[in-house]
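J.: Sequence:
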Amino acid sequence: MSNASTHNNVLKLFVLGIVFHVIFIASVFDCYFTSPVVQGMSRHGSSIGEAKRLVLIVADGLRADLVFTPNGFPFAGSPAVVAPYLRSIVEERGAFGVSHTRVPTESRPGHVAIIGGMYEDVSAVTKGWKTNPVDFDSVFNQSAHTFSFGSPDILPMFAKGASPGKVQTWCYDEEAEDFTKDATALDTWVLDQLRTLFHNASTDATLSSHLHEDKVVFFLHLLGLDTTGHAYRPYSKEYMRNIQVVDSIVSKAESLMSQFYGDDETSFVFTADHGMSKIGNHGDGDPDNTRTPLILWGKGIRGPLSDSSASSHDDYSRPWKFDHLLRRDVSQADLAPLMASLIGIDWPANSVGVLPDVDPTQAGYLAPRQGEEALARYALINARVLLEHYRVKHAIKAARALFYKPFGALEGVDLLGVPTRVHKVRYIERLIKEGKWDEARKHSSELIGACLQGLRYLETYDRLLIRAIVIVAYLGWAAYASISLLPLTPRLSATVTRVINTIAIATLLTFWTVFWMQRSPWTFYVYVAFPCYFWREFCVRGMHAFQKAVRQSSLTYSKVCGQGIWVFLALQSMVVAYTHRSIWSAGFVVIGVLWPLCTWSTSMLSQNWTLVACWSLSCIVTSIFPLLTVEKTESLPLILVGGTIMLLIGVVNLYGFGQHIKDRPTQISFMTQMGFIAVAMVITSSSIISLQAKQGLPRLNQIAAWVIFVVSSIYPFVSKVHHPSPTSKIITFFLAFSCCFVILSISVEGLFYSAYVCNLLLWIEVESVFRGSFPSTSNDRSRSVSHQGYHVPYRFQADDIRIALFFLFYVQVAFFGTGNVASISSFYLEPVYRLVPIFNPFLMAALLIFKIVCPYVILSAVFATLNTRLHLPPFSLFLVALTLTDGMTMTFFLNVTDTGSWLEIGQSISFFCITSLLLVWSAGICAAGDYLMGDTLVRLHPIKVD
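Taking numbering that gives the first Met the number 0, the leading residue of the sequence shown gets 0, the next gets one more, and so forth.
Everything labelled a hint here was simulated from the structure, so no lab data went into it.
Just so you know, nobody snuck in bad clues.
Calculated pairs, DSSO-like style, for lysine-lysine (alpha carbon to alpha carbon, straight line, at most 27 Å): (1) Lys236 x Lys180; (2) Lys423 x Lys396; (3) Lys404 x Lys423; (4) Lys320 x Lys277; (5) Lys320 x Lys251; (6) Lys631 x Lys236.
From just these sequences and the hints, can you work out the full model?
T.: Structural data, given as structure tokens:
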């Protein structure tokens, strides 16, 4: 096989692997989540409301505990009650509780749940939560008029699709979302616009007429807390003061409403779209992100109730000192039907919310004018909305699915063909007419529960089929990738090949026909195509080769099984390490201490004791970082220590290996890179001091930081310097990305980066010594380079699996080593403000991703160098690693859940997506390493493949 042919095969595997894994990430969403939006549903609602108008106030990023807890901020001078006005409402005239959000805990899905009553299709995350991936109904759409004020990231999506002029928006400029400035200005701007609106109504008759109509909604979106929390974290004086500003705005907004209207016909709803983690981020299922405050007061809202004998409070809410008051929790989507009931409008068509007042055994939030009868009618409306939702989805599934089995609790007919669900609605209507309102609410509650179960049944109807296809596909990928490791064998006979092709094509066409008849999503066609292709290739090209490989090697089938068990245990240990980060540290102890002590001979240890000692020490030092807490605070001294260590590594390379760096241009190149690091340290120090002093980011610092960041990062790729050794070139890449780890670090990331790279460099030397100690065998000789520069193709040996597992371990540690957890809240935003002070989610995310990618560039160069130092053909170790990649991915896929706590749901999805992308990335970095190190490695070992 020629060298070009080898590269083509590897490129084919790499591209196919990326496509396969990226597409199958979508299988989780097809398997566990379906779009909540369907068309053609009838609307239901009440034409008579409890109030003439509604004011919805959303404090973006507000945690429930920090607004409710007295003395909740741990520093001197903090007030005993941070939000006295809101607290007085809870104690004297309103109802309160916790609104529980779903993952992802981001602004867009949170607002869609509050205002639309549905949990949005997760595909919205690919559009940055800014555009409407699907059109959805909302409380705003059904109102007479909605006047909304706040962020340009949220308001426009609720105006889209509404009748012209129905939903009016007033937004500040995106440039106003500056993380280095006082974010309370964003909130006071909203209050000023509301005040201006009422002032303009005195001279604008049309505006005044619209404002005085019934069923009017005011939406005040207060972004300041989210911005402040990101910049300073929740337990900060800035966040506390922003809560005080929000509390004042609520008070003033209520006064403005009272002064303008002169009546008490206004309902108020105060809540948040999501919370905020201790480190100032959100997005995952952390309870601090999913628990948001909920306070309702005004027309149609009940007052405070005494707590029941079975307390409604738990350890979370007892510090609030509301033990004497009833705490009534809701799910976030429940707010849409609650608001629709208050102003008497049709409920959003796709709402899956449950009115808190449906259950007669629990206190709700409403105090309707018609008393219990109104509550019974609202409960029936809730049942009708969900029943209509189920009816339409059931009709779609029944028309498409072969051998469809309906949901039993809502199906079935009587002798006249009347569906069971219709009987239930008629029975509830009769109970209401007879004045049996509590009984009607009880039956409505039961019907609502059945509808929600039916909707879930329909959403998960295809789950078993998808999971089976995905598992077969992942196993097929492993089998397909292993073909490249196996010895070449004659192809099967034409007859046998035709039989295999016929079976594969027949299987594919059968599934496609079924999918076509069921009008399944296009993704289903793709899912089944992959396993058919993978297993067809393995049967034709790999099955005989696998049998031949076992016969030719010293391995027996029992040894193969034993090796498989060890591989399985190693991969599953890495799976467990996603939730127990100390396992990464234990892994370093295993590879750094136990491996050489238990597998190296005494003579090897004695001859190489210095190398082994350095290797063990390096592993132990690197093992410290996964043990550190993920809750870091900005530390300039640690950042500067990390930069100093990077400079020392450059000095050691320049002078410690000076005998190899003879030409002046190479020396100047290294000194230039170290100069970049020194300048980056100075600029970063100045920026941190300025930001911590709340003086903003100096424009000169921002420009200089960007220049150093970009120039340093691209320097090794444009430099024409020829490096005398692979180590020298690896150090060049290390120094190039050191500026990134100075500018974008919050504390110990630079130290980890340095320790990680040193450990990788020692790994090359250790593996070279260990592999060189093997006794010469026919297989080993086949790997060695002859005096003519040729050797026979790669032949797999068992120890290659160990090296590949080490590589996969390093792939994971590069991501988790600085304390990251598999969640969105892993990434600190403070360092990003040194480059991007204005809110720009995509650029900020790009910088964070770049910081994550940097260690992988070094890993790719190290792995390519190791492949050459062991005298292996190009990409051979990559092929072994590629075969093992889905051992973890498949486990995480099977662990994905959409039930349980939001934390469990969010983590299960995050783990699967992260491991899929990391392991695909591991394939890509191998190819990148061969490209980056190609010229240096060719000069070191000019290997050709015959």
